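Asks: Please build the complete structure, drawing on both the sequences and the hints.
Chain by chain, the residues run as shown.
There are 2 protein chains.
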Amino acid sequence: MPPTLLSRPSQLTLSRRLPFTSRLARSSVLTSPSFSCSSRTPLQKSYRKAYSSSSPPSSRFGPSYLSEDIRQHQARKMAPQLDGYFEQVDSLSDHFIERLRQAVAIPSISSEAARRPDVVRMGHFLADELKKLGASVELRELGPQPGTDLTLPPCVLARYGNDKNKRTILVYGHYDVQPAEKSDGWDTEPFELTVKEDGRMLGRGSTDDKGPVLGWLNAIEAHQKAGIDFPVNLLMCFEGMEEYGSEGLDDLINEEGKKYFADADAVCISDNYWLGTEKPCLTYGLRGCNYYSVEVSGPGADLHSGVFGGTAQEPMTDLVRILASLVDTDGKIQIKGIMEQVAPVTKEEETLYDGIAFTMETLQESLGSKTTIFEDKKATLMARWRYPSLSVHGVEGAFSAPGAKTVIPAKVIGKFSIRTVPDMDIDKTNEAVYKHVNDFFKTLNSKNTMKVYAQHTGKWWVASPNHWNFSAAAKATERVWGVKPDFTREGGSIPVTLTFEQATGKNVLLLPMGSSTDGAHSINEKLDKKNYIEGIKLLGAYLHYVAEEPTNE
Amino acid sequence: MPPTLLSRPSQLTLSRRLPFTSRLARSSVLTSPSFSCSSRTPLQKSYRKAYSSSSPPSSRFGPSYLSEDIRQHQARKMAPQLDGYFEQVDSLSDHFIERLRQAVAIPSISSEAARRPDVVRMGHFLADELKKLGASVELRELGPQPGTDLTLPPCVLARYGNDKNKRTILVYGHYDVQPAEKSDGWDTEPFELTVKEDGRMLGRGSTDDKGPVLGWLNAIEAHQKAGIDFPVNLLMCFEGMEEYGSEGLDDLINEEGKKYFADADAVCISDNYWLGTEKPCLTYGLRGCNYYSVEVSGPGADLHSGVFGGTAQEPMTDLVRILASLVDTDGKIQIKGIMEQVAPVTKEEETLYDGIAFTMETLQESLGSKTTIFEDKKATLMARWRYPSLSVHGVEGAFSAPGAKTVIPAKVIGKFSIRTVPDMDIDKTNEAVYKHVNDFFKTLNSKNTMKVYAQHTGKWWVASPNHWNFSAAAKATERVWGVKPDFTREGGSIPVTLTFEQATGKNVLLLPMGSSTDGAHSINEKLDKKNYIEGIKLLGAYLHYVAEEPTNE
Chain X
1 MPPTLLSRPS
11 QLTLSRRLPF
21 TSRLARSSVL
31 TSPSFSCSSR
41 TPLQKSYRKA
51 YSSSSPPSSR
61 FGPSYLSEDI
71 RQHQARKMAP
81 QLDGYFEQVD
91 SLSDHFIERL
101 RQAVAIPSIS
111 SEAARRPDVV
121 RMGHFLADEL
131 KKLGASVELR
141 ELGPQPGTDL
151 TLPPCVLARY
161 GNDKNKRTIL
171 VYGHYDVQPA
181 EKSDGWDTEP
191 FELTVKEDGR
201 MLGRGSTDDK
211 GPVLGWLNAI
221 EAHQKAGIDF
231 PVNLLMCFEG
241 MEEYGSEGLD
251 DLINEEGKKY
261 FADADAVCIS
271 DNYWLGTEKP
281 CLTYGLRGCN
291 YYSVEVSGPG
301 ADLHSGVFGG
311 TAQEPMTDLV
321 RILASLVDTD
331 GKIQIKGIME
341 QVAPVTKEEE
351 TLYDGIAFTM
361 ETLQESLGSK
371 TTIFEDKKAT
381 LMARWRYPSL
391 SVHGVEGAFS
401 APGAKTVIPA
411 KVIGKFSIRT
421 VPDMDIDKTN
431 EAVYKHVNDF
441 FKTLNSKNTM
451 KVYAQHTGKW
461 WVASPNHWNF
471 SAAAKATERV
481 WGVKPDFTRE
491 GGSIPVTLTF
501 EQATGKNVLL
511 LPMGSSTDGA
521 HSINEKLDKK
531 NYIEGIKLLG
541 AYLHYVAEEP
551 TNE
Chain A
1001 MPPTLLSRPS
1011 QLTLSRRLPF
1021 TSRLARSSVL
1031 TSPSFSCSSR
1041 TPLQKSYRKA
1051 YSSSSPPSSR
1061 FGPSYLSEDI
1071 RQHQARKMAP
1081 QLDGYFEQVD
1091 SLSDHFIERL
1101 RQAVAIPSIS
1111 SEAARRPDVV
1121 RMGHFLADEL
1131 KKLGASVELR
1141 ELGPQPGTDL
1151 TLPPCVLARY
1161 GNDKNKRTIL
1171 VYGHYDVQPA
1181 EKSDGWDTEP
1191 FELTVKEDGR
1201 MLGRGSTDDK
1211 GPVLGWLNAI
1221 EAHQKAGIDF
1231 PVNLLMCFEG
1241 MEEYGSEGLD
1251 DLINEEGKKY
1261 FADADAVCIS
1271 DNYWLGTEKP
1281 CLTYGLRGCN
1291 YYSVEVSGPG
1301 ADLHSGVFGG
1311 TAQEPMTDLV
1321 RILASLVDTD
1331 GKIQIKGIME
1341 QVAPVTKEEE
1351 TLYDGIAFTM
1361 ETLQESLGSK
1371 TTIFEDKKAT
1381 LMARWRYPSL
1391 SVHGVEGAFS
1401 APGAKTVIPA
1411 KVIGKFSIRT
1421 VPDMDIDKTN
1431 EAVYKHVNDF
1441 FKTLNSKNTM
1451 KVYAQHTGKW
1461 WVASPNHWNF
1471 SAAAKATERV
1481 WGVKPDFTRE
1491 GGSIPVTLTF
1501 EQATGKNVLL
1511 LPMGSSTDGA
1521 HSINEKLDKK
1531 NYIEGIKLLG
1541 AYLHYVAEEP
1551 TNE
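Just so you know, the protein sequences line up as chains X and A, in that order. Start counting the first sequence at 1; every next residue gets the next number (the working numbering). Start counting the second sequence at 1001; every next residue gets the next number (the working numbering).
Hints are computed from structural coordinates only; laboratory data are not their basis. This structure is a prediction, so every number in the text was calculated from the model and none was measured. Treat the hints loosely; a few may be bogus.
[Unchecked claim] Computed cross-link-like contacts, DSS-like style, restricted to lysine-lysine with a CA-CA straight-line distance of at most 25 Å: (1) X/K370 - A/K1447; (2) A/K1451 - X/K370; (3) A/K1370 - X/K442; (4) X/K225 - X/K164; (5) X/K447 - A/K1378; (6) A/K1377 - X/K447.
Replies: Printed below as a string of structure tokens:
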């Protein structure tokens, strides 16, 4: 890490050392006195029925999928400069969906070598769209991908506006996607955006993260077409390797923290999800992710199990025993030295979870089953946000197709990851994992060869939710959705969040567009039309409020 | 099973009930008095150097890759009617390799739906070649493949010769192959036969089982071109689903046991391997194979491990625990009720293993490592031949590609198989497996759903090695290779062996062509040129000796 990144150690230390509860408790300062609160109670009560089919389709304001309450709220002229912008977004909605369709059609899968040209093509698509909108754009090359003969896809760096009298907001997103094949179980072609009658827009990358990335471009275009002054200078950083550990990006962010990104006043990332399906949220914490491989090898090549079964030690036998030693059915991590690092729960924290709009029913709907570990909301939210988890993802090198193949695989690689939380340390966690796996393998007395190593690691992140960056986003959320957002943490990992915080020394906000049932990384990934279109309004509104919010750093 | 198949119960019962050792001990009767033994000792001593490069290339008899000892032995006119046949095989060797090249070029992978047309094409190729040789051929359709919308590839039934004064030999082989991709690690294109300077002929199916199948056709052709009367009537049964559990074949064999195959006097199958690389063997026993799936499912779709890790029970966590409970590093099966069924080792059996031409060095060469469970030959042969083994083959539904994918798979299917031996019973074995897995799963207290079931099962087989079918093959082996064969059992499974025995009521002989390092089912599968060409001689010589061997049933 370059020394410049340590230039604001006290702020960074504070940000990560603040007790969990004190920050959440202070989120009440977000009720700004300049903000009309007259209709807050009925609106808060009504957000659950906001998109019920009983909403009258003939109302005067806004698109028909919004409830009467929200339409009237949006029409209330609380932030009048936004009215023209919102109308423009509505009238451009088909155009914005078409832009998303073009983006989804490019299978920019960063983890598959054969798709690398598509990832690069997607980067160029974004750059071209940005140039058309008048942004200055650089396709920043990141060099070779370590351990491969591939070249990393370029990072799209762009600037829109350079007015010293305006705040500058740095936004980040990624244009690569997870792998997807129709045969994985998709109802539709994963790389053809399919808009269903109920508003679901199915397609790989629709919600993760092409929809949100295009949200920023769409916000610029709607301002231009509505003739409304863009309220901030916008710096953009869109990468193409997020789904493969953001390879090459940290160096660039660290390098540009005080150069390309030097005048950023705050950072905003739209790459996560609402906690449920109806109430928006702002996110101030993420778990980290350490991804491990355990490699067991023995024979020189795969073996016929009839000829060699019973006479040779089988790598797969050792591997499943190692994988079985890591975690139990109820998610309890069996590795010594992991839970010992977790910050204790304070009494104040105990009281925080009840107020969050989250139900076990919504969780089970997202899950598609009732196989939850806990029966109650509080234990579930704590497990997702503030405790580590360990998942076994699969085995490379073993038979994985349908049918029956009687082969003894010669070399198998088990993959698992640990989601990390405060105050876990990456090195300590790695050491605990290596020690556990090595010690366990020794007990097997195997002649096979075993290696355990981290494929990538990423620290957890917790930010300060009482910063003006968050209060502006809270106002924008209430303006668009008619309800105060929940302040949440997330179980997932967006490693660059921490990198941006460290490299710029600025507050980072996570402002989600999609909802909990979007199925990022799964089959049938989707973004709801209302989340996309209202999400574009939200991103634009956030920039207006952020331009006006008093400094409270 | 149709009642006609039980018409010779005493013979069948005897065949399978004979104690392990008494049959092996009696294999000494194979030293027929009509067979010259004068050079046995020097030949037996010299077979190890038979193919050393120091053999003089300018000798008068036979191809240059044979040692002087073997060339002189083949020239000794012990079975004079074979001389012209052997010479013809040598002069047609390029033509026979070309025929193998054509067969390998057809990727007849029975386990892959997309390759089904290639499997059918391979069946037609065989049928056409047989017709050209004057055989009467039927492409017998086997109907739809259960559980799929595929049609099974046809079984090639053929007859060559119909002389009531000759014995009739039924031979079996398969024309389908295991899956293969260059990217699995092959040095050459798997479906292009590549003949190396050292005589290795690489290609999927070269040794398993296209080389041996073509061996029978080549033997017919060489007889025709040499103008030598074919010594027997040959019935042929070549199937296209062996690598996928021989689906549909049992019904046909049972149906035709007393019809198409009615006049078969004995059965010969060339679909296994020498125990090592230099000494031929005849095989009278095989292990069975029961193949199991364990399916664990929970969530409705794959999940993001950040969002759901720690809150949902993960099917993969349960599956690896189940798989880890089955067998230990040293191959000891942990399922109660399996080892309990194994026939005890008698004192006589204890003495049998020392005489077999097998070394740990050869095993380790085939294995490509020193990761054997046992250090000595006897324990290793017993583990391969007369004890069951359990191999974990892989997991379907989990992440199996290189790289790092942070998905919680929604449904995973673990695959494992048990190689079975006398006196294990299929139903008892299934029940023991189901009980173990179900009981173990209950201890996990999981909300996930688990199913365990057999994908296919197949019984072990042990035949009578003192039958004239075996003594004829032993003479042919000594005639071609200059050494008495070992009498061996095999660890692998050829389920149709037992079906043929039961359906025809006749003795079945396994007469291998390839050697232990051929790598059936692995990358770089090969058949050595010498094993192919001398193997063609062997198949023909076997038919000559079988025509003359006195009945000793």
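Asks: Against each hint, give a clear statement of whether it holds in the structure.
Replies: We went through each hint and held it up to the structure:
1. X/K370 - A/K1447: holds (8 Å)
2. A/K1451 - X/K370: This hinted pair holds, its Cα atoms lying about 18 Å apart.
3. A/K1370 - X/K442: holds (18 Å)
4. X/K225 - X/K164: holds (24 Å)
5. X/K447 - A/K1378: Holds. X/K447 to A/K1378 sits at ~20 Å (cutoff 25 Å).
6. A/K1377 - X/K447: Holds. A/K1377 to X/K447 sits at ~18 Å (cutoff 25 Å).
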